[in-house]
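> Between the sequences and the hints, there should be enough to build the whole structure, so can you do that?
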Amino acid sequence: MGLVELLMAMCRWLLGRKTLIMIESYAWGHITERWRARRGYVVRVCDGSKLRAYKKFGVYDDDMDLAHRFVESLRANYDRGILIVHDPRVARLAEGFMDDDVRRRAAIVVLQLPRGQVVPLSRLLRHAKYGRLTRLTSARLITVANASSYEEGRVEGDIAILRRRIRCGANP
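Here the sequence shown is numbered in numbering that gives the first Met the number 0, starting from 0 and rising by one per residue.
Think of the hints as simulated: they come from the structure by calculation, not from any bench.
Careful, some of the hints might be misleading.
Between beta-carbon pairs, the in silico distance windows are [what the hints assert, rightly or not]:
no., residue 1, residue 2, range
1, Arg153, Gly130, 32 to 42 Å
2, Gly1, Asp157, 40 to 50 Å
3, Glu150, Lys55, 26 to 36 Å
A quick note: this is a predicted structure, and the numbers were derived from the prediction, not measured.
C-beta: ideal position from N, C-alpha, C; glycine also.
In structure tokens form, the structure reads like this:
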């Protein structure tokens, strides 16, 4: 660990332990029990910007901007972070931007539910594990091919919960 990383870690420790919860706005429609941020949590509901992605990467891709914004915010300002998205492509892009240090402090939740089905935010946070990608989807939509790419899985009611490690620098 270099001197700069050590100083940044000390500043984070002195300022208090903060957790970033970044939620894609499309996934926000599937979440109930929207509580105000408790002490130590910062909740952001946002989308990516195509213009910002074009300026930074040369591609009009709002998913890439959202993934990059989460990873850079977590790296610079927060102790831990949870990314809740609807599109699995955003999760793959976020994995591509992560290094090993950020991977240990991040959790990704892919929320793929049918229209009208909702989940409380507290349940999502309970299923989010740091260093892991968790996929919550309808149990009726899971196939063997989908489940085989995950390390563990279970069904609670009508929701299937699949989990695997976050792959650092994975190719999107």
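> A separate judgement is required for each hint: does it hold in the structure or not?
Against the structure, the hints come out as follows:
{"no.": "1", "hint": "Arg153 - Gly130: 32 to 42 Å", "verdict": "19 Å, violated"}
{"no.": "2", "hint": "Gly1 - Asp157: 40 to 50 Å", "verdict": "48 Å, holds"}
{"no.": "3", "hint": "Glu150 - Lys55: 26 to 36 Å", "verdict": "33 Å, holds"}
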